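*Asks:* Sequence:
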Amino acid sequence: MARNDGTAGAAADGAGGAAKPGFDWLNWLARYGTLASLILLLVIFTIGRPSVFPTVGNFLNILNQVSILGIIALGLTVCLVMGLFDLSIAAMATLGGWLATVLVFRNGPQIDPYLAVLLVLAAATAIGVLNGTLVSYLGISAFIETLAMGSVITGVVLGLSKSRTILSGIPKEFLAIGQEYTLGIPNPVIAMLLVLLLLWAFLEHTQIGRNLYAIGGNQEAARLSGIAVKRYALIAMGISAACAALGGLVAAANLGAGRPQGVGETYLLNAFAAVFIGASTLRPGRFHILGTFVGVLLIGVINNGLSIMGVPTYWQYIVQGLLLILALFSASVLILRRR
Numbered sequence: 001m002a003r004n005d006g007t008a009g010a011a012a013d014g015a016g017g018a019a020k021p022g023f024d025w026l027n028w029l030a031r032y033g034t035l036a037s038l039i040l041l042l043v044i045f046t047i048g049r050p051s052v053f054p055t056v057g058n059f060l061n062i063l064n065q066v067s068i069l070g071i072i073a074l075g076l077t078v079c080l081v082m083g084l085f086d087l088s089i090a091a092m093a094t095l096g097g098w099l100a101t102v103l104v105f106r107n108g109p110q111i112d113p114y115l116a117v118l119l120v121l122a123a124a125t126a127i128g129v130l131n132g133t134l135v136s137y138l139g140i141s142a143f144i145e146t147l148a149m150g151s152v153i154t155g156v157v158l159g160l161s162k163s164r165t166i167l168s169g170i171p172k173e174f175l176a177i178g179q180e181y182t183l184g185i186p187n188p189v190i191a192m193l194l195v196l197l198l199l200w201a202f203l204e205h206t207q208i209g210r211n212l213y214a215i216g217g218n219q220e221a222a223r224l225s226g227i228a229v230k231r232y233a234l235i236a237m238g239i240s241a242a243c244a245a246l247g248g249l250v251a252a253a254n255l256g257a258g259r260p261q262g263v264g265e266t267y268l269l270n271a272f273a274a275v276f277i278g279a280s281t282l283r284p285g286r287f288h289i290l291g292t293f294v295g296v297l298l299i300g301v302i303n304n305g306l307s308i309m310g311v312p313t314y315w316q317y318i319v320q321g322l323l324l325i326l327a328l329f330s331a332s333v334l335i336l337r338r339r
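The sequence shown begins at 1 in UniProt numbering and counts up by one.
It should be emphasised that the hints constitute simulated quantities derived from the structure, not laboratory data.
This one's a predicted model, so the numbers in the text were calculated from it and none came from an experiment.
Here a beta-carbon is modelled for each residue, glycine too, at the ideal position from N, C-alpha and C.
One thing to keep in mind: the hints can contain errors.
What the hints assert, rightly or not - FRET-style restraints, in silico, Cβ to Cβ:
hint: 1; residue 1: F23; residue 2: L282; range: 47 to 57 Å
hint: 2; residue 1: L197; residue 2: V52; range: 28 to 38 Å
hint: 3; residue 1: G321; residue 2: G169; range: 39 to 49 Å
hint: 4; residue 1: I185; residue 2: L35; range: 19 to 29 Å
hint: 5; residue 1: I140; residue 2: G226; range: 18 to 28 Å
hint: 6; residue 1: L197; residue 2: N58; range: 15 to 25 Å
hint: 7; residue 1: A126; residue 2: S151; range: 28 to 38 Å
Let the hints inform the model, and build the full structure from the sequences given.
*Replies:* Right, dumping it as structure tokens:
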């Protein structure tokens, strides 16, 4: 009996020892690696250029530089939450900027700038809803449909504009959206933060947002639970289109020009990069608004810091690509381990 008790005690001690696993570095890196990378870059650039990089002015400059990218990427996040790829955002951004300048043009309709913003957002939302309808009700692949829609939009804009850029006759009230400050903060930054707040509240604290996450997690299970799955594609793609158009509109106001081509393409790849980097932040494998914002900041800090350090531009692309690969790798490994 004594021997059996001792054996049982030893087994219990062994079981107790096994119940105390070591620190899971992979899990930590999957959740916080992106934030750690952002902090590390901030430290490196601060040490490298202490008189320039860690200043309030430069921080606002970084936010201003990524504001348009942020607006577009935050809207794209809503689509990707549901598992839909929206490749029309590049053309939509170009359309938003060009159409807004046409509406406020002094030799054109001369619509009030704020009314023009609403009209542009309404038109973009309608196109996004059309995207969602074709994808959801006709069963067309979102990847292919939005790629085709982007081509249609590009052709329409080039045809209506006759490939001419609007360079003058834009009222100051419209230009203020992209060039002026409010309480010391650039207006594009304020626009990005408002979009961030609204979409975060929408996805995290509304039933529609929770349903979008449910559909993205398992569409069939969501359908069986009573969620009208098809309708949500219209919502997600409408929001993505509106945010892309708003980003293009802010870009036009910032540049003081309505360009009929080449605007949105500048942000397309970086928007997807920011969202996927964000999917490895805090919630590995899940797209979410705060993660996307971290991804946008990371891209902005890399571009700004390397530029200040005098590093050649091509290193910006290399570093961004490496960070994206590492972020996706760590998140993928963690998801595989959970399975």
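*Asks:* Each hint should be assessed against the structure and marked as holding or not.
*Replies:* Going down the list of hints, with the structure as the test:
1. Taking the beta carbon of each, F23 and L282 are about 18 Å apart, not inside 47 to 57 Å as hinted.
2. The supplied range of 28 to 38 Å is met by L197 and V52, whose beta-carbon atoms lie about 30 Å from each other.
3. For G321 and G169, the Cβ-Cβ distance of about 41 Å falls inside the hinted range of 39 to 49 Å, so the restraint holds.
4. For I185 and L35, the Cβ-Cβ distance of about 24 Å falls inside the hinted range of 19 to 29 Å, so the restraint holds.
5. Between I140 and G226 the C-beta distance comes to about 25 Å, which sits within the given range of 18 to 28 Å.
6. Distance hint for L197 and N58: a CB-CB separation of about 24 Å, consistent with the stated range 15 to 25 Å.
7. Checked against the hint of 28 to 38 Å, the pair A126 and S151 fails, with Cβ atoms roughly 18 Å apart.
Hint compliance for this structure: hints 1, 7 are not met, and every other hint is.
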